[in-house]
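Which chain is which? The protein sequence lines are A and B, in order.
At position 14 of the first sequence the residue is numbered 14 (my numbering), and the sequence of numbers has no breaks.
At position 250 of the second sequence the residue is numbered 250 (my numbering), and the sequence of numbers has no breaks.
The set of hints was computed from the structure by calculation and includes no laboratory data.
Do not take every clue at face value.
Unchecked claim - Straight-line alpha carbon distances no greater than 16 Å define the calculated EDC-like cross-link-like pairs of lysine to aspartate or glutamate that follow:
1) K88/A - E88/B
2) K12/B - D231/A
3) K91/B - D231/A
4) K55/B - D11/A
5) K12/B - E30/B
6) K176/B - E30/B
7) K14/A - E88/B
8) K83/A - E288/B
9) K61/B - E25/B
10) K219/B - E292/B
11) K233/B - E288/B
Keep in mind that this is a model prediction, so the values were computed, not measured.
So the chains spell out like this:
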Amino acid sequence: MIHILSREFLDSFKSVRSILIILFITFVSYQSATFIDSNPGLIQEIVKIGGEEGTVYTAAIALIVLILGFLFVFATSHDLINKEIELKTIRLLVTKTSRMQIMVGKFLGTLLFWVATITISFAVIFIISGSWFLKDYFHSFVFLFYIVSFVVLVSTVFTKSKLTMFLGILFGIALPILGLASAVSSKWYLVPFKYLLPYRYLEGSIGLMFVPIIIGVIYLLISVFIMQRKDL
Amino acid sequence: MSIVEVNHLTKKYGTTEVLKDINLEIYQGEVFGFVGHNGAGKSTFIHTITGITNKSAGSFKIMGISDSQLNHAKKRIGVMPDVSNLYENMKGLNFLRYMGKLAGDKRSKPELKTLMKEVGLEDAAQKKIKSYSFGMKKKICIAQALLGNPDLIILDEPTSGIDPESTINIRDLVIKLKEEGKTVFLTSHNLDEIDKVSDRVGILSDGEIKKLGTPRQLKEGIAAGVTISVRTKPILQKNDIQKLSEKMNTDIIFMEAKKDYTLLQVPSEEDLPEVSKEIIQSDVHLYEMKVEERSLEDVFMNA
Ligand SMILES: Nc1ncnc2c1ncn2[C@@H]1O[C@H](COP(=O)(O)OP(=O)(O)O)[C@@H](O)[C@H]1O
Ligand SMILES: [Mg+2]
């Protein structure tokens, strides 16, 4: 499993798409943090109306993860599972290790890539602001955990990588809108999204933040269950 | 001792039964060959016993480990599946390193290069797999099946579509593996190929094992008797053979009169001395008499 994990992780850095995304996120974090840092009055203002200092610095990165997270992860990993099934290279893996290990390895490798990406951003912010905003960092982690496991599920359920590319764009745009809308609205048809998507759990107590992780784990279990039944 | 034990194994795709109630034992240390036409179910059989696909019914054991626990046996099985795509962007050596890690193989880079040489891949270690020819891909796929020093090696059509020299190479490799005490299971649609390396052969047709045995048994089993060619002057004709048959009170069948010899069939090898005696005592001159080998192709046609 560790070998599939590390290959997935290292391979992520080799694609142009991922490099662009890392550069983009790091650049935006840097720009917004330096802007805020050179305008200390702004922090005072926001803290006055009830915001936290950390939120100010990490606002940009949090927004990127919340709004663009699905799109970014789908862009790099929509074919995480189905590509190898299409190409039949999965047969080489499956004769050497269990399907469970392949799935978990791929999931963790991809998650690790994203955690590394946001860690770089938080490190940039740390250099500028002098503090590491642990709560926001944890938020981003929880969110990414959820997104990556959801991408694994989609990539397992839909066997065509062309289809998951399309679905990825669709989900990448629709889910943040539905998620944010359901967090503020109480229309009945938004209720499932309210509870299934991670947005509403990020407000409030630390305990609630574990709910998206649990949902993510359930997605993974469903993915493994489906994978076990596939003829590869 | 049997290393693979298959009981009533069935595989369906939708409603079509691709494997029908297969029963088979493969013994420790033997080279076992599966022969069959394209679409006979050879690959499906390999997929099913190696965890690539799920069985529909029946059961199997590999090295005493039942199919539900197959993951525990994987480290001891090396498989060359029928893949045409490998990790195309990887260099040959890196591909083997990755596969080696998964197989728990501790070989160093130089040792992996030696392995590449053994399967006939020289100077390919630093080339990307996408630049490999079809035959080279086959060879590296065989190499990855040997990683982790498995006891059972399963090769799906290792020699199809590659040049004669490489074919001989692979045959030698299989023989070497057998000498090291490994069990080798391979498939082919080329009967001559399988014939040369296998201790036992199974003939698969339409998802069923039609025949099973040593190459020799299969060849003998098919013919109703022994085919012999007799070179005489003058050549024996149909009525000569009928007379001979009546005289000996044995079923001797005239098959064909060629330019300088006659093909006939006798019930068994035991009849040969008598046949030669009768011919010599008749008024023709006997120059040569030999038993015709029946190729496995004949066996196959009748399966
Ligand atoms: N994934 C699959 N779905 C449906 N049918 C399949 C699948 N794989 C193989 N088959 C069918 O099973 C039969 C046996 O195929 P295969 O095992 O590849 O034969 P062989 O390896 O002997 O050439 C063929 O008729 C093939 O079309
Ligand atoms: Mg085949």
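Here is what the structure says about each hint:
no.	hint	in the structure
1	K88/A - E88/B	holds, 12 Å
2	K12/B - D231/A	holds, 11 Å
3	K91/B - D231/A	violated, 28 Å
4	K55/B - D11/A	violated, 34 Å
5	K12/B - E30/B	violated, 29 Å
6	K176/B - E30/B	holds, 12 Å
7	K14/A - E88/B	holds, 15 Å
8	K83/A - E288/B	violated, 64 Å
9	K61/B - E25/B	holds, 10 Å
10	K219/B - E292/B	holds, 11 Å
11	K233/B - E288/B	holds, 10 Å
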